[in-house]
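The chain contents come next:
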Amino acid sequence: MATEAVPAPAVGAELALRMYEQMQRIRAFEERVDQLYRSAKMPGLAHLYVGQEAVAVGVCEALRRDDFITSTHRGHGHCLAKGAAVERMFCELLGKEEGYCRGKGGSMHIADHEHGNLGANAIVGGSTGIATGAAFSAKARGSDQVAACFFGEGALGQGVLYEVMNMAALWTLPVVYVCENNSYNEYTHYSETTAGGLAERAAAFGIPHEELDGQDVRAVYAAASRAVERARRGEGPSFLVCETYRYYGHHVGDVDRAYYRSKEEEEQWKAERDPLHILRAWIVAEGLADEAALEQTKASVEAEVAAGAEHALAAPFPDPSEVGEHVYAG
Amino acid sequence: MATEAVPAPAVGAELALRMYEQMQRIRAFEERVDQLYRSAKMPGLAHLYVGQEAVAVGVCEALRRDDFITSTHRGHGHCLAKGAAVERMFCELLGKEEGYCRGKGGSMHIADHEHGNLGANAIVGGSTGIATGAAFSAKARGSDQVAACFFGEGALGQGVLYEVMNMAALWTLPVVYVCENNSYNEYTHYSETTAGGLAERAAAFGIPHEELDGQDVRAVYAAASRAVERARRGEGPSFLVCETYRYYGHHVGDVDRAYYRSKEEEEQWKAERDPLHILRAWIVAEGLADEAALEQTKASVEAEVAAGAEHALAAPFPDPSEVGEHVYAG
Amino acid sequence: MSTPAEVALPKEHEGMREISLAQAVNEALAEELRRDPAVFLIGEDVAEAGTPFKVTSGLVQEFGPERVLDSPISEAGITGIGLGAAMTGMRPVVDIMFGDFLTLVMDQLANQAAKVHYMSGGRLKAPLTVRTTLGATRRSAAQHSQSLHAWVSHVPGLKVVLPSTPYDAKGLLKTAIRDDNPVVFFEDKMMFAVKGPVPDGEYTIPFGAADVKREGEDVTIVATSSMVYVALEAAEQLAEEGVSAEVVDPQTLVPLDRETLVASAKKTGRVVVVDEGHTSYGASAELAAVIAEDAFYWLEAPVRRAAAMDVPVPFSPVLEDQTVPTPDSVASISKSLLGKA
Amino acid sequence: MSTPAEVALPKEHEGMREISLAQAVNEALAEELRRDPAVFLIGEDVAEAGTPFKVTSGLVQEFGPERVLDSPISEAGITGIGLGAAMTGMRPVVDIMFGDFLTLVMDQLANQAAKVHYMSGGRLKAPLTVRTTLGATRRSAAQHSQSLHAWVSHVPGLKVVLPSTPYDAKGLLKTAIRDDNPVVFFEDKMMFAVKGPVPDGEYTIPFGAADVKREGEDVTIVATSSMVYVALEAAEQLAEEGVSAEVVDPQTLVPLDRETLVASAKKTGRVVVVDEGHTSYGASAELAAVIAEDAFYWLEAPVRRAAAMDVPVPFSPVLEDQTVPTPDSVASISKSLLGKA
Ligand SMILES: Cc1ncc(C[n+]2csc(CCOP(=O)(O)OP(=O)(O)O)c2C)c(N)n1
Ligand SMILES: Cc1ncc(C[n+]2csc(CCOP(=O)(O)OP(=O)(O)O)c2C)c(N)n1
Ligand SMILES: [Mg+2]
Ligand SMILES: [Mg+2]
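Protein chains in written order, with the numbering used here: chain D, 1 to 330; chain U, 1 to 330; chain F, 1 to 341; chain W, 1 to 341.
It is worth saying that the hints were derived from the structure and are not from the lab.
Treat the hints with caution; some may be incorrect.
Each computed BS3-like pair below joins lysine-lysine, with the alpha-carbon atoms no more than 25 Å apart [to be verified]:
1. W:Lys174 / W:Lys195
2. W:Lys266 / F:Lys266
3. W:Lys195 / W:Lys267
4. F:Lys195 / F:Lys267
5. W:Lys54 / D:Lys263
6. W:Lys125 / W:Lys54
7. F:Lys54 / F:Lys267
8. W:Lys54 / W:Lys195
9. F:Lys335 / U:Lys263
For clarity, every value in this text was computed on a predicted model and none was experimentally measured.
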């Protein structure tokens, strides 16, 4: 059972260029994060989203600002795609007071409630309950909000996902499960950890599902739009499996990867299935913009990212007394 | 995908009569448990297996003594079917020292390691890990033992089941998942708690599955034999959904059931789909035994059960000092 | 607790009715459901069945199946859904039938609900109430008899409530539901039938205020949940022997009213902590440690603990009854502190 | 711990090599895998990747993928499978990458593994070892920094081990694997690189024997896991000020060597308990309560606790560093007990 073939909204020039810009923003952001790590300017580790940009952007462009998302340890792309500002994100990653979480969350817990991002999550599968609950709430409050739940294929190992998919189906909750299959659970290929099919996991609960090319942002956008509109119409959950790839290591420190995946595999994805190349080629072929304009977009987000990082590096840490604040609300 | 149609071993006279005797034993045992409860002679509660006898017996007859089972809160039938003695079971239910667990486990934790029963379990879905681990161990030790994992359809709500089914499929473990669908999670009809299909939950992991009439012990035995032999041959897990019914309440204290199921429904199952009637009619029709012989079997297990209960009532409690024993082994 | 007998509590007010603890909880839920459309209940068999303890009976009739939801047997899932709903405008009350099943929701509680406010720098919040049970001696054996409140009390970000009387249960549960934080609310299964006075009108009880259930001079008995009844019976026994015992009920383990506990300890100089969790690494350890530290110079004798034995709860009544504190054991420990062994 | 610096430990033997704690754990695993065909390892990325901490590197090469298994990300599932295998003749070692993920396995550990021997009247047993981690200050934020050993220590039927040195880690892990009970073995992530002397030959260390890491007269510092290094540094600081501190490492929280702890407390009359779990309802509460009770008449001052703050672990270094005990804070508490504030 696939999500019904409601015609997907056509991707026009404005949307295509916005998606291109967002994807470039994510890429530039992540590459800067890697540099910050390598120059020992960032505390801890980070899990980069480079290579997977089309998934976050394709899904989030199908959402409204007041829709919800939940995210993962690999969450910078989701956060930016849902509307977060580069500067405050860098501040969070560097543990600064101006950060989205006042420096308390860091890379793995970045949340942006103003744009409906209920948070990255350092527990694999840990936000599936939250997303399904946000969908429950949207329905209970009589709003037409939708929740999108991002997770890697590794989260298919977590039982709670099946528990909440069952309830989402039973109660026709407006949630879109977005499984980003980048082929690896950390350093282990998913075929060693995953029996049967991926989409079948949703089929078991009667949840409509689609498997799609996660490198083609238009395909993602089309499928996400169908799923989101279905949810908004009150017809319940959907499940999208997006085939994608992460270009960097599992985290910034994972640089020697030969023991679990080949250089050739990495190069092939970059050369043949890069989401930015694919979109860019289409934009140019369709005459929606020329190379120069696209270069201009790239340069401008790169400047924005560079400025954001500089700002964050100079920004103050929270006052040490904040350590005891925000344990309890109210 | 169904378990392959390997011809099931034919049910001959000896097996049919043994199955009949075992089913009668379970029924007589459970009816006596109910009386013990109602006459306030049994501490706590018990979940009776009456109506579901064909499932436990059909599956356990397909197993060897050294095969493993794991069981549930509704576990007396599984325990007897795997070979436990009535007397020691009653002792356990009454908290007596002679019980299988020296009175420490009671109804919900009865285990009989001599017959490979790794224990009833009071956590719904709580023994699915144990059964899968026993299958892992059988394979790792190079034995050809098989593990059968009994659970109610309510356990489909527990995430851990999906986690272990995935690994059973990945590692081709010799485990047979036996889902006893008696239509109720306590006081709630399973259709209110279960989206999609039951067998589909296993299909998601590529596990062969069958849906069958759990009131027909020959059907259960045939399907179980196929699944067990498949496991023994090293071909991995199977999943059986047995449609069945519990005649009594969720537990012995659940006597006013009208708010969740009708008297008519109960009567219909008893009249039309009683596993003992079905087998008895077949035995007689096939000429494997006459009514008198079957009455004789019934009378003899009833006498055994009555004697067992009397024995247990008179048996001593464990010494109070045992309370501190068996916290740690060795 | 081993003795669910009704105990006359010291508190007496005008306009009181005698209702059971189950009814008190039911009233608190009904009132909050009525008061705030954001409140809903979710759990196994909470609707028509009204839970196995009949605590939620009648609520689905008044509030409908959209606000009183029978769930699948998915403790982690419903807690996660409750959390997500709490983060987006609702005030869910999640029913975890037996406290033993907290094992299944620790990730949702400890890694998710407890931390979301802090991790988000105060920008997200989770007004989630989890009702569950504790207590042994119900012949329910090892997996249906645990008192696991120590676990959640150890997690910053969670509040933990253990009411002992119908009055307290009602007032504290209403406070829990209105609180903007995740609260775990423990009811002793053996206490549901215990009756006590509850006023007709609306009231709430603040968190972090211990309640002195009986005043005394010679020894302080700090007791949680149904152990308050055990302590009160012990105090009766002691009174007959001329020993005046003060019984202090912390009511909330987080936040903890150290002041009241320590003040009582300073007054009497002798303390027994009674709790139905296992002794080792249990809630009784924290209470004892706090008192031993803050009242050190006032104590005449070591702080003693009377908590559950460090054994899985056995089924057999002759074994189970030994595992929990009793009025006799509490009285005898109290006397030993006074040199009256 | 905030200071992973290598600390010269008092123990010195002949024939010792200096190896890291990660190597010590690796050797213990390799030796037990070699010794007993029933032993196997299961966990996420334990094979080729050798875990994110490189603790199991090389084992899959020697023992093969049937005995060193990369699992799906299914903590509850692998613990359940480990338990079932343990009950039927195997000795599994389950790797739970971060101690924070214990939240996901509490049902398998507390309701199943811990209780099966008791519930079966001693007829079934579960020789299962769960290795996991604890400790903050790695800039890993709230869900990858917890020290949750108090939870499992509260569950009768489980044994709980917190080694502090490579020598201890190796000897205690071998004992854990050979033990017929479920054992939870905690390694501080910040300690993996810490080196220490380990003998060439075979040895094991018994459970239930606290180790005095440094002898002293004036104050006892009871410290667990990496907090032993913090305590030793504090002791150095104190020595410079003329205060002689004794550092006692319980090594196993269950079983607990009360005698050694209490004997030291009686000797010095002053005790600080240092632990990286949260303070409230933490392991430090039990240790403090035990000492305050058993050494009551010998204590010159209240038993003090220096444990982690009761806050989720924040990401920002300026915040995180405040949440854990440090040599300075431990030394200063110790001095306050001696009236040298
Ligand atoms: C419950 C849990 N188990 C293990 C981990 C450690 N861990 C972090 S990321 C990861 C792999 C996740 O793989 P996947 O879900 O495919 O996401 P990806 O990293 O590929 O984006 C693991 C095992 C964790 N964070 N949470
Ligand atoms: C994890 C867990 N949640 C809830 C319960 C309470 N409970 C006991 S039996 C039961 C219903 C089980 O239904 P099913 O699995 O279909 O088995 P049946 O009783 O029908 O045999 C419930 C909810 C439990 N024992 N364990
Ligand atoms: Mg992945
Ligand atoms: Mg059922």
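| If you check each hint against the structure, which ones fail? | 3, 4, 6, 7 and 9
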